[in-house]
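Protein chains: 4
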Amino acid sequence: MLSVGVVGGTGYTGSELLRLLCVHPEVRVVLATSRKEKGRPVADLLPHLRGLVSLEYSEFDARAAADACDLLFLALPHGTAADHVKHLWEHDVKIVDLSADYRLPPDIYAKVYGHANPFPQQATYGLPELRPEVARARLVANPGCYPTGASLAAAPLVAAGLVELAVFDSKSGISGAGTEPTATSHYPNMAENVIPYSVTTHRHRAEIVQELGRLGDVRVRFVPHVFPGVRGILTTAHLELRRDVTPDEVERLYRDFYARAPFVRLQKPHLANVRGTNFCDIAWEVNRASPREVVVLSAIDNLGKGAAGQAVQNMNLMCGLDQTRGLFWPGLAP
Amino acid sequence: MLSVGVVGGTGYTGSELLRLLCVHPEVRVVLATSRKEKGRPVADLLPHLRGLVSLEYSEFDARAAADACDLLFLALPHGTAADHVKHLWEHDVKIVDLSADYRLPPDIYAKVYGHANPFPQQATYGLPELRPEVARARLVANPGCYPTGASLAAAPLVAAGLVELAVFDSKSGISGAGTEPTATSHYPNMAENVIPYSVTTHRHRAEIVQELGRLGDVRVRFVPHVFPGVRGILTTAHLELRRDVTPDEVERLYRDFYARAPFVRLQKPHLANVRGTNFCDIAWEVNRASPREVVVLSAIDNLGKGAAGQAVQNMNLMCGLDQTRGLFWPGLAP
Amino acid sequence: MLSVGVVGGTGYTGSELLRLLCVHPEVRVVLATSRKEKGRPVADLLPHLRGLVSLEYSEFDARAAADACDLLFLALPHGTAADHVKHLWEHDVKIVDLSADYRLPPDIYAKVYGHANPFPQQATYGLPELRPEVARARLVANPGCYPTGASLAAAPLVAAGLVELAVFDSKSGISGAGTEPTATSHYPNMAENVIPYSVTTHRHRAEIVQELGRLGDVRVRFVPHVFPGVRGILTTAHLELRRDVTPDEVERLYRDFYARAPFVRLQKPHLANVRGTNFCDIAWEVNRASPREVVVLSAIDNLGKGAAGQAVQNMNLMCGLDQTRGLFWPGLAP
Amino acid sequence: MLSVGVVGGTGYTGSELLRLLCVHPEVRVVLATSRKEKGRPVADLLPHLRGLVSLEYSEFDARAAADACDLLFLALPHGTAADHVKHLWEHDVKIVDLSADYRLPPDIYAKVYGHANPFPQQATYGLPELRPEVARARLVANPGCYPTGASLAAAPLVAAGLVELAVFDSKSGISGAGTEPTATSHYPNMAENVIPYSVTTHRHRAEIVQELGRLGDVRVRFVPHVFPGVRGILTTAHLELRRDVTPDEVERLYRDFYARAPFVRLQKPHLANVRGTNFCDIAWEVNRASPREVVVLSAIDNLGKGAAGQAVQNMNLMCGLDQTRGLFWPGLAP
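Protein chains in written order, with this note's numbering: chain A, 1 to 334; chain B, 335 to 668; chain C, 669 to 1002; chain D, 1003 to 1336.
Some hints here could point you the wrong way.
No more than 20 angstroms apart at the CA atoms, straight line, and that leaves these computed lysine to aspartate or glutamate pairs for EDC-like [as the list claims (entries may be wrong)]: (1) K420(B) - E390(B); (2) K36(A) - D61(A); (3) K936(C) - D61(A); (4) K445(B) - D404(B); (5) K706(C) - E917(C); (6) K370(B) - E390(B); (7) K1270(D) - D378(B); (8) K602(B) - D1046(D); (9) K268(A) - D738(C); (10) K704(C) - E694(C); (11) K1088(D) - D1063(D); (12) K1088(D) - E1058(D).
None of these hints come from the bench; they were simulated from the model.
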C-alpha cells in the first residue's frame, strides 16, 4: 500500500487526483494540502467526494509531507511548484509535478515562461508511451494536456520520418482553464461559442516541439481553442508528409508504435468515450486524392490522460505497479 | 423621432436596450452612459453592435441627459437607480427604470430589499398587459423578469377567481445573473446542471404576489432555477384551483384575457420561439383525471419581454407610439 | 463471484449496466444480448467499453441465460420485459427488471400503461431505502428514474405525516429519453431550452403516488421536463405541510430517516456531484416567513441511482453482498 | 416592393429566409412551398414566425411561382434544385439557388457530387465580396457555409500571392446538418463533444479551391467539425506563407481588400456577435517568432452569411437595392 499526498488539492487537477486516488486499490491518500482551506474537510470543497474522502486540508510542510508519503503530487501553479520541489529535494520522496516547471530544459523554460526556474533539476518528461524511462525517475514532469494529445497523435508518423509539417488544431473543454471564474469561462460567453486563444504563442507549443523533435524532423504549428464542454481535448492534426502514403502503411505504423500501450486505443475519437479516463483514442484518414495529406485525430480527457490520470500512471510506473492499476475505468458515456 | 438615452449601458439589459433601440424606426439613441467606460466607443465593449452604434459612452449628467432626451432608460443596480431618478426628477424627461426601485410600495420595498428607497415616488408597474395605465405614466417601473413570465401565465385564471395556490417553478438562462463572472456562471459549474437558488426567499416573489393579488385571492409560491442556457425563462405554473374546470373553459379565459395583447401568443412555449423578442408564449394543460389541477407554461426572453423588450414596449406606450413599433421581430430559432 | 447477464444491452440503461458491472469486483458479466446486434463485439457499439468488455452480443435464450447466470438484468421496453420474465420464470435465476412491467399492481399497471401485463407476478419495488425487503426478492422491479428522485426527496416528511400536497417539478437530462434520435433530442431543439412533457399525464406519477402513499396521506403532483444536459435529474419538491415546522425539526427527520442509507447524502444537490454514481443528494429549505412551505431538492444520475446503479444496488442486496459493493464511486465533477 | 417566394420553406435555410424576409422593408413574401406540408400555415411549423407570417404552404408550380414573384429562393436538396431551375428557366424570374447545384462547373460538379447536373446553366457564384458581378446575374448559386467563412478569411492574403498552404479547420454549429434528427445531432452524442466528419473528403473543399484559386496559387486543406452549438462557424485558417510578413502589412491588406464590404468587420471573431446576422467578423495573428505563419479567424452565422443572409444580400444586389437593405441587424449577443 502506497501512502501519497496531493499538494494543492483544491483546483481541478488536484481534485481529479483525489477522485482517482481515493478508489485506487494500492493507495492510501494521507495528505491534501491547501493554504487557504487549511482545516476544512476536503468534502466540503469537493462534495462529489463526500463519503469517500474524510481528510481535512492541511498546510504544506515539506518534512512532514515527505515523512508521511512515498510519493507526492504537486498540483500547483508553475513557479510555485519549483519552490516546493526545492524544499522536498533533501527528503526521500518521489515527486510527480503537474506544473510546467520541469517539462522543458532550463534555458527554454526561461524563454517560454519569462522567468528562470528557481530550482532547476533533472526530471523525466512523464509521457510514458514515449518515455519508458519514467519508471526509473524520482522527479517526473507531468506533461501539459495539449502536448499529450498532440504528441500521441503524430508520434508514429513523425518517428517514421514522414512528417514535414504538423498543424495541430486543438479543441479543449473549459475545465482546462481552472476553477477561477473568468470572462472566457462565463457561461454566456462560452455557450454556443468556440474561442481560440494564444493563437500563435501558447506555451505548450514548446513541449510538442520538444517531444516530436526527439522522434523526427518536423515543423510544428499549434492553435488551441476552448469549446462549450467541460472535459476533453479533441486534437485535429493536419499533417503534410514528405511523400505519399497508403492507408495500410499508416495503420501498420500506428499498430506497431502503440502495440504495448494499454491506454492508447486505435478507434474513432469521441470525447465521451474517454471521459473520466486515462485513455487516448486515436484515428486517422489519408486523403486518397492527395496521399501526402493525412489527418490524425486524438481524444483525451484533459483532466485524465491530460493531467491527473497520467500523473497516476506515472506514479504506478515509478512505484513498480502495473501502469493500469487503479486507472482502467470505462469512459462515462453518454 | 424620439431621442432616448440608456443610463448604464454596459450590462446585459443596457446592451439589449441598445440592440433594440439602434434599429427602432422612431428612435435616435443619443446617449449611453457608463462611469467606468467613459470615452470608449460602445462598439468596443459591445462588438455585436459594431457598424450599428457609433456612440461613445459618456458620464451621466442629469441636466444634460434630460435636455438631450425625451426618455431615459435606467439600467442600473437597485438603490443606484433611485438616486438617478432623484436628480432627474426636476427635469422634464420620461423615465423607464429597469431596476427594482419602483416596483413595490416603499414599505414593502424596504422589507424586501433591506433598505429604504432614498427617493420614493409614484410609479407605474410596467407590465402593459395588466396595466394599461402605463400610457399615462411619467415614471415606469419595469417589472422583474420572473414576475413577467409568472404573472402573465396565471393572470387569466387568477382574475377569474379560480386559483387557490400557485406554485411557480421557473427556469432561467444564466444571462439573468449579469455580466460579472461568478461561481454559478462558471461554465464547468453551470453546464449539465440545473441550479435552484433563493429557494424560498427570492425578492421577485413580492412582485408576483402584488400583481396577482390585484387580480384575485391566491397563495403564491416561487422557486427560481438557472439552467444551461443563455436567454429565456420557462415558467411552470402548478395551479391548484378552487373547483374543477374544463379545457374549453380555460381556453376561453385565456383567449378573452389576451385578446388585445399582441405580444402574448397562445402556443406551446419553446424558448427559441421567443429568443431575442418581446413575445410571451403561453400554453396550459388541465389534468383530465383531476380537473382542479391546471399546469400553465410560459416562455419569455428574460432580456426581452423580461427586461429591455418590455422597457421599449413601455416607451412606445408612454410616447404615443403603437406598442409593437420597432419590437415586432420573429424569434431567433433555431 | 457472481455470473450475471444483461438482456437488452444496447440502450443507455443496458450500456450503463455493462459500464458498472465490468469493473464490479464480485461480478463476471457473461452475457449481453441484442437481437439486432447479435454477433457484434459489445465494444463496437459501446466504444467507451473498449479494452474492458470483450463480450459479443448474443441472442436471448431463456434456458441458456438462466444456466449461465445467477442473476439477469432486463433492460428492455415495457411489455417486452414481462415476456422475458415469463420464459425465465421456470428457471432458477434472479431477475432485476428495469422496465415498468412490475412496478405497479396489475390493475393499476393496466390503467396507466393501457394494456394488461401478459405475465403478472409478485415483485418487489426496488427502492432499497424504502424497501429493505429487496434483499429477499427473486424478482425486483427497478423503479423509474423520476420516482426515485421524487420519493426519496419527500419520504421523511411524508412518513412523518406532515405533507398535504407535494408538487414535484423535475428536470432531467435527455439521456432519459433513450438512444433513438427524436425531434426533442435533436440538438438544435434541446440546446438553450427546457422542455416540459406529459405535463399532467406522465406514467411515473403512479409510482410516486404508490411509494409515498405507503408512507402517509399526501396529494401528489408531478411535471417532468428535459433540460440541456445528458445525465441527471434535479427534482424540486414544493411541499405544502399540514402545520408549521422548524428547520431543526426537518433536519432531524431527514437525518434519522436516512441514517443507514449510504447512498443518500444530505448535502446541496449539484448534478455533477452524483454524475456516474448511485448517490442521491438531498437538501431542503423551510420558508421562514411561512413555515408550512418546505422546498426539498434532490439530485440523482438518471442512469445511475435512477436506473443501472440502483439495479446493481438491488443485485448486491439480493445476492447477499454489501449494497455499496462495486458502486461506491465519486461523482465525475467537474 | 419586391414579390418573392421561398421554394422549400420548411428546412433551416428556408425558415431562416422567411425570418429575414418577413421583416425586410422592400419585400413581400407571397409564396412558401412544401409538398409535404401543403395547406398548413407556415406558423404551425415555424411557430417563431407566429404573428409575422400568415402564409400557408403551397405546392410548387413553376408558372404560378414565376408569375407571382420577381425572385425565387430555392432552399432544396442538391439535385432537386436543378430540376426546379429547369422548369423555371423559360419564365421570367430571378433565382437564388441555395443548393450546391450551380456552385461548380458541370465537370467538377459531376466528380464531386457523383452525378451530372440534369440542367447545367451559367450561374454566378454568390459571394458578393469576391464577385461583384452578382448584381448582373439572373441565376445565383449561393455559396456553401464553410466556403464563405474560409474564402473570406484567406482571400486578401491569397490575392496578394502570399499563401502557399492554407489549412482550414472549421467548427460549425449543428444546425448546418439540417432539421432531421440523426445520431450526430442526438443531444447525448453532440453535447460536450467536438465531432470531425468528412475529414479529407468534404464537398465544400472544391468551392474553396475554386474561389481562392481565382485569386492566387494556393494549396488548400479543409477539415470540418461540429461543436455543441446551434448556429455559427468559426474557421481557423492556418496559413503558411511564401515569405515573412509584418502585422502592419497584413492589416493593410485586409483593410484595403474589405474597404467596401459592409458585412465584413475586422474584429475579433466571437460567434454571438454575428448570431442571426449577415456579418463576417475576421481577425488574424502573425507569429512574431516565425513570421511566415499567419493564423486568420473568421466567424459567420452558418444560416446567415453562410446561407439565408447571403441569399438576401444577393437578392438585394440582383434587384438594384442597397446590399444592406433589410439585413443590417445587430448580432444576438449574449
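Right, here's what the structure says about each hint:
no.	hint	in the structure
1	K420(B) - E390(B)	25 angstroms, violated
2	K36(A) - D61(A)	14 angstroms, holds
3	K936(C) - D61(A)	33 angstroms, violated
4	K445(B) - D404(B)	33 angstroms, violated
5	K706(C) - E917(C)	56 angstroms, violated
6	K370(B) - E390(B)	12 angstroms, holds
7	K1270(D) - D378(B)	11 angstroms, holds
8	K602(B) - D1046(D)	11 angstroms, holds
9	K268(A) - D738(C)	35 angstroms, violated
10	K704(C) - E694(C)	29 angstroms, violated
11	K1088(D) - D1063(D)	12 angstroms, holds
12	K1088(D) - E1058(D)	25 angstroms, violated
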